[in-house]
Amino acid sequence: MEMDIDAIILAGTKGTSKLKLDDTEDYKPFIEICGKTIVEYVIDAALECPDLRRIYVVTDLARLNHTFIERGFRDDSRRLKIVPDEGSIMGNLRETISCHVLPDLGFETFHHETDSTEAYLRRNRGAQDLRTVVLYGDSPFMTGADISRFIETSNPYADYVVGFSREEELMEIEKQAGEILCAPELKTALFPFGDTAIRANNLVMGKPLRVPDEVWNLAQAVYDNRNLLTKKGKKNKRNWGKIYEIFKEYTLSHGTKKPTVLWGFFLGAALYRTFQKALKRGKEWAAQNMSQEEYELAAYHITGNKCYGSMNICDVAMPTFDVDNEEMLRRLLARDAELFRKMRAVKREYPENPEKELDKLVEEHPTLFDRPEPIDDAEWKDMAQKAGIER
Numbered sequence: 001m002e003m004d005i006d007a008i009i010l011a012g013t014k015g016t017s018k019l020k021l022d023d024t025e026d027y028k029p030f031i032e033i034c035g036k037t038i039v040e041y042v043i044d045a046a047l048e049c050p051d052l053r054r055i056y057v058v059t060d061l062a063r064l065n066h067t068f069i070e071r072g073f074r075d076d077s078r079r080l081k082i083v084p085d086e087g088s089i090m091g092n093l094r095e096t097i098s099c100h101v102l103p104d105l106g107f108e109t110f111h112h113e114t115d116s117t118e119a120y121l122r123r124n125r126g127a128q129d130l131r132t133v134v135l136y137g138d139s140p141f142m143t144g145a146d147i148s149r150f151i152e153t154s155n156p157y158a159d160y161v162v163g164f165s166r167e168e169e170l171m172e173i174e175k176q177a178g179e180i181l182c183a184p185e186l187k188t189a190l191f192p193f194g195d196t197a198i199r200a201n202n203l204v205m206g207k208p209l210r211v212p213d214e215v216w217n218l219a220q221a222v223y224d225n226r227n228l229l230t231k232k233g234k235k236n237k238r239n240w241g242k243i244y245e246i247f248k249e250y251t252l253s254h255g256t257k258k259p260t261v262l263w264g265f266f267l268g269a270a271l272y273r274t275f276q277k278a279l280k281r282g283k284e285w286a287a288q289n290m291s292q293e294e295y296e297l298a299a300y301h302i303t304g305n306k307c308y309g310s311m312n313i314c315d316v317a318m319p320t321f322d323v324d325n326e327e328m329l330r331r332l333l334a335r336d337a338e339l340f341r342k343m344r345a346v347k348r349e350y351p352e353n354p355e356k357e358l359d360k361l362v363e364e365h366p367t368l369f370d371r372p373e374p375i376d377d378a379e380w381k382d383m384a385q386k387a388g389i390e391r
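The sequence shown begins at 1 in this note's numbering and counts up by one.
Honestly, the hints are just simulated from the structure, not real lab data.
Every residue, glycine too, gets a C-beta built ideally from N, C-alpha and C.
You may find that some hints are simply not true.
Restricting the straight-line Cα-Cα distance to at most 30 Å, the calculated cross-link-like pairs of lysine-lysine (DSS-like) are [claimed, not checked]: (1) K207 <-> K175; (2) K347 <-> K306; (3) K36 <-> K20; (4) K187 <-> K280; (5) K347 <-> K283; (6) K242 <-> K306; (7) K347 <-> K36.
Simulated DEER-style distance windows between Cβ atoms [stated by the list, open to error]: (8) R238 <-> F73: 46 to 56 Å; (9) E327 <-> G126: 38 to 48 Å; (10) L262 <-> E338: 51 to 61 Å; (11) R273 <-> E185: 40 to 50 Å; (12) D129 <-> K280: 35 to 45 Å; (13) R273 <-> R74: 51 to 61 Å.
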């Protein structure tokens, strides 16, 4: 049991659109299914998780308080704290960490506008090791066991970890639910990767103060302009100008590390080409031409070798399914919420001794959790050749 990790549940309403289906129209976290709002299911899962110290819910303060009063909700453990929604995803995360999580642990409030991360950490030693799990307020199928399993299987030395579920576990969920759930119209299609197919499982963990300011800003800029990479967005030449400006500003902010960052972007472009080929050629081709380490290395270079991220491709699958679109909501509410009830009842079969399992994995692969080294020229040529890109 960890108990040194905090959770942030993102359930904001500012800058987001409502889902509408027949008589139902509301922001995703506050849509009611089977007598509870979706965000309540997420809060329940976080409170069930023995590995979490405190839970911070970023949302519409008045709305959630009203919901709690209506339901007679009580948190006797005092682990739960509601934080006002500031609008942007990265803004909500940084504000919650800086003004709530850090002070609650006895550190100074972190004022980003007037203070740098380096200066703050010199005055607040130990804050760099703060770990936080990010949960989304539209994922009603996760449980405390899912969160614990994700934490247990994540690389403890990574600066951030992004969770992915595997095809095998997702197919088992479809079998138990009796319905196809991994489909483009539900925004849950699978993607070939290595020797399997994967989907992001809506679980992220990291050490926020180890992530440089410029990386936070890039992540927000990419999210704000995510529509530029859609089919429609790609056809607009002005959109490419916006993308160029975002990456130009980010690269220039790295000083002497600019060549490393450019190398990372170029490597990322090569891997994106590989990913596109895998979509066309399938899992057999992907197994021979894609590796997790290559993607992690590209992301590492993009941060100027300052921030190491890890992909956790694991057996935590239920959080993958969220209420993100009208079609998914329609299916969940049909026949007196029959599918919703089935998905809530899906059984998990996680190992009873994950620590022993992790020790065995490290024994078999001694360098598994090592921070990557900068890629050399020979490795690059091999990867570029596979992707069909010439340097």
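Each hint, compared with the structure:
For the given pair, K207 sits about 36 Å from K175 by alpha-carbon distance, which is inconsistent with the 30 Å threshold. Between K347 and K306 the alpha-carbon distance is near 40 Å, which puts this suggested pair outside the 30 Å criterion. Taken as a hint, the K36 and K20 pair is honoured in the structure, with Cα atoms around 18 Å apart against an allowance of 30 Å. Only pairs whose Cα atoms come within 30 Å are accepted, and K187 paired with K280 is accepted, the gap being roughly 18 Å.
Our distance criterion of 30 Å between C-alpha atoms is met by K347 and K283, whose separation comes to about 27 Å. Annotation: proposed proximity of K242 to K306 holds, straight-line Cα distance about 25 Å (limit 30 Å). Proximity of K347 to K36 is assessed by CA-CA distance (about 21 Å); at most 30 Å being required, the pair is judged to hold. Distance hint for R238 and F73: a CB-CB separation of about 48 Å, consistent with the stated range 46 to 56 Å.
Restraint check, E327 to G126: a C-beta distance of roughly 46 Å satisfies the suggested window 38 to 48 Å. Look at L262 against E338: about 53 Å separates their beta carbons, and that is inside 51 to 61 Å. One distance hint, 40 to 50 Å for the beta-carbon pair R273 and E185, is violated here, with the actual separation near 27 Å. For D129 and K280, the hinted distance range of 35 to 45 Å is satisfied, since their beta carbons lie about 43 Å from each other.
Checking the proposed 51 to 61 Å range against R273 and R74 shows it holds: the Cβ atoms sit about 53 Å from each other.
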